[in-house]
Amino acid sequence: MMRGVVHPLYRVVFMLVIVLTCAPATVGAQVNRGHKIFLVSSINNSTPYTGQEILLTYTLYFKDSAPKISNETAPMLRGVWSKETVPERYIQSKQTLIQGEPFRFAVVKQFRLVPLQSGKIIISGYSILCNLPHEQGIGGQEATDTRIRITAPDIVVSTFALPEPVPEGFSGAVGTFQLELSADKQNVKAGEPLSLKLLLAGSGSLLTLKLPDLQLPESFRQNPPEITSVLQTNSVPTTGSITAIITAWPQSEGDYQIPSLHMVTFNPETRQYCTLLSKPLSIKVAQAPQATKTTSSILPLSAVAEQNTNLYLLLLVTTIALLFLMTRAVTLLTKKNKMNAGNVHTDSDTSPANLKQQIFVALEKAGIKSPGGLTRMELNNAMQDIGLPDDVQSALPAVIDSLDRILYSPTDKKEDRTPDTITAKVNSLLHALRASTGS
Numbered sequence: 001m002m003r004g005v006v007h008p009l010y011r012v013v014f015m016l017v018i019v020l021t022c023a024p025a026t027v028g029a030q031v032n033r034g035h036k037i038f039l040v041s042s043i044n045n046s047t048p049y050t051g052q053e054i055l056l057t058y059t060l061y062f063k064d065s066a067p068k069i070s071n072e073t074a075p076m077l078r079g080v081w082s083k084e085t086v087p088e089r090y091i092q093s094k095q096t097l098i099q100g101e102p103f104r105f106a107v108v109k110q111f112r113l114v115p116l117q118s119g120k121i122i123i124s125g126y127s128i129l130c131n132l133p134h135e136q137g138i139g140g141q142e143a144t145d146t147r148i149r150i151t152a153p154d155i156v157v158s159t160f161a162l163p164e165p166v167p168e169g170f171s172g173a174v175g176t177f178q179l180e181l182s183a184d185k186q187n188v189k190a191g192e193p194l195s196l197k198l199l200l201a202g203s204g205s206l207l208t209l210k211l212p213d214l215q216l217p218e219s220f221r222q223n224p225p226e227i228t229s230v231l232q233t234n235s236v237p238t239t240g241s242i243t244a245i246i247t248a249w250p251q252s253e254g255d256y257q258i259p260s261l262h263m264v265t266f267n268p269e270t271r272q273y274c275t276l277l278s279k280p281l282s283i284k285v286a287q288a289p290q291a292t293k294t295t296s297s298i299l300p301l302s303a304v305a306e307q308n309t310n311l312y313l314l315l316l317v318t319t320i321a322l323l324f325l326m327t328r329a330v331t332l333l334t335k336k337n338k339m340n341a342g343n344v345h346t347d348s349d350t351s352p353a354n355l356k357q358q359i360f361v362a363l364e365k366a367g368i369k370s371p372g373g374l375t376r377m378e379l380n381n382a383m384q385d386i387g388l389p390d391d392v393q394s395a396l397p398a399v400i401d402s403l404d405r406i407l408y409s410p411t412d413k414k415e416d417r418t419p420d421t422i423t424a425k426v427n428s429l430l431h432a433l434r435a436s437t438g439s
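All residue numbers for the sequence shown refer to the numbering used here, where the first residue is 1 and numbers rise by one.
Heads up, some of the hints might be wrong.
Only pairs whose alpha carbons sit at most 27 Å apart, straight line, appear in this in silico DSSO-like list of lysine-lysine [claimed, not checked]:
no.	residue 1	residue 2
1	185	68
2	197	279
3	36	83
4	94	63
5	94	68
6	185	63
7	94	83
8	365	279
9	120	210
10	425	365
11	68	83
12	197	185
13	425	369
14	83	210
15	189	284
16	120	83
17	63	83
18	68	120
19	197	210
20	189	279
21	284	197
22	356	425
23	356	369
The following label-pair restraints were derived from C-beta to C-beta distances [as the list claims (entries may be wrong)]:
no.	residue 1	residue 2	range
24	354	334	12 to 22 Å
25	236	102	27 to 37 Å
26	390	332	46 to 56 Å
None of these hints come from the bench; they were simulated from the model. Note that the structure is predicted; figures quoted are calculated from it, not measured. Idealized CB from N, CA, C, for every residue including glycine.
Could you build the full structure based on these sequences and the hints that come with them?
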């Protein structure tokens, strides 16, 4: 009788072991029975090779009304290269059954990961802050939303090292790829542009691999490559193509060979390395016509710089010479003006313009900036701000008005000198202003 019981028990234990070892790389949080909401962490491949792209997904499960995500904490992604996938504009949810109960689920976050090291990598720390809406309370009043923070369970990635020995020239390409090299023409004249296209297509670590370098003959000038990518949005791993366009300008006639490119890749399915080879290119360069040999319509930046060096030097020397002549002329004019000003000053010390200028200079020394450009109200406010005596504040505008009447009177009535009474008032004001500044 005991034998009949023990034998089925062994079968049950064996089946449990099989189920546990074959379970997918999905870890779920315990269901929150109070709120019926939880996060699940999953990864499409928990045992990748170093450099192999994998997809990390966080899925939110909930019942009843959809929660509102108000905040989130990013996961700790150590030992991996990561790129968040472009989120959908609207997160859509679908129905499912968990333990016989209806739930809805929605993908809230995804990352493309590439392990940078072998060994165990633990990804943890992702959490979201949710507002759970409630139905209307008693009397039709709106119930306050419940705020709850949900943390996704940790997930472990066991990364295998690439098989040894790693071939020379391997640059991180893990997957299946094809490599092509082409030119827009095989016959070209010296100085004309030649467009070379390097195309890498396939599925794998397109986001992190390095394209091989193109080796051109020494007489070919070239610009840096223009790289563009065309990748499928939802493919796992990344599928698509990378194109590098190199524009070159052969400078000398002759028959040239552009050697084939080689790129070492690793196929995680077959666990073997593979070397991709492009076809070599033959380019025949003919001598350019004498009239157009040095006037190519398009030149690389380095060629333009070399051809214009002498012109730049000539422009620089010319500019320096012009600046020197202008500086010399300004210096001579300044000296001449000073001499003329000195002669006029001795003859017109009491002219209205000179007296008015003396008042403005004294006001600037007293602390009023550009008094000649101020309105009467602004000047009065400025004098109050620096604390000039009241008698000065009241007398100064009247004196300036008197000087202006003399300056702007009709030509036949204009006087060369200021009346002594006004001159005396100006001198008194100047004395008071100097006294207020201590000069």
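Okay, the hints, checked on the actual structure:
As the CA atoms of residue 185 and residue 68 are separated by approximately 58 Å, the hinted pair breaks the 27 Å bound. With a CA separation close to 12 Å, the supplied pair residue 197 and residue 279 stays within the 27 Å bound. The suggested pairing of residue 36 with residue 83 is violated, with an alpha-carbon distance near 31 Å, which exceeds 27 Å. Distance restraint check for residue 94 and residue 63: the Cα-Cα separation of roughly 11 Å lies within the 27 Å cut-off, and the hinted pair is therefore satisfied.
For the hint pairing residue 94 with residue 68, the CA-to-CA distance comes to about 16 Å; that is within 27 Å, so the pair holds. Distance hint between residue 185 and residue 63 is unfulfilled; the C-alpha atoms sit about 63 Å from each other, more than 27 Å. Between residue 94 and residue 83 the alpha-carbon distance is near 25 Å, which keeps this suggested pair within the 27 Å criterion. For the suggested pair residue 365 and residue 279, the alpha carbons sit about 83 Å apart, so the restraint of at most 27 Å is broken.
A distance of roughly 26 Å separates the Cα atoms of residue 120 and residue 210; the hinted pair therefore holds under the 27 Å criterion. The suggested pairing of residue 425 with residue 365 holds, with an alpha-carbon distance near 19 Å, which does not exceed 27 Å. With a CA separation close to 24 Å, the supplied pair residue 68 and residue 83 stays within the 27 Å bound. The straight-line distance between the Cα atoms of residue 197 and residue 185 is roughly 11 Å, inside the 27 Å bound, and the hint therefore holds.
Pair hint residue 425 plus residue 369 holds up; C-alpha atoms about 23 Å apart against a cutoff of 27 Å. With a C-alpha separation of about 17 Å, the suggested pairing of residue 83 with residue 210 holds against the 27 Å cut-off. This hinted pair checks out: residue 189 and residue 284 have alpha carbons roughly 8 Å apart, not beyond 27 Å. A C-alpha spacing of about 20 Å is found between residue 120 and residue 83, which places the hinted pair at or below 27 Å, so the restraint holds.
Simply put, residue 63 and residue 83 have alpha-carbon atoms about 30 Å apart, too far for the 27 Å limit, and the pair is violated. About 34 Å separates the Cα atoms of residue 68 and residue 120, which puts this hinted pair outside 27 Å; it is violated. Taken as a hint, the residue 197 and residue 210 pair is honoured in the structure, with Cα atoms around 16 Å apart against an allowance of 27 Å. With a C-alpha separation of about 23 Å, the suggested pairing of residue 189 with residue 279 holds against the 27 Å cut-off.
Of the supplied pair hints, the one linking residue 284 and residue 197 holds, its CA atoms being roughly 17 Å apart against a limit of 27 Å. Among the hinted pairs, residue 356 with residue 425 is consistent with the structure: their alpha-carbon atoms are about 12 Å apart, no more than 27 Å. Our distance criterion of 27 Å between C-alpha atoms is met by residue 356 and residue 369, whose separation comes to about 16 Å. A C-beta distance of roughly 20 Å is found between residue 354 and residue 334, which places it inside the suggested range of 12 to 22 Å.
Residue 236 and residue 102 have their C-beta atoms about 28 Å apart, which keeps the hinted 27 to 37 Å range intact. Remark: the range hint 46 to 56 Å for residue 390 to residue 332 is upheld by a beta-carbon distance near 48 Å.
Hint violations for this structure: numbers 1, 3, 6, 8, 17 and 18, all remaining hints satisfied.
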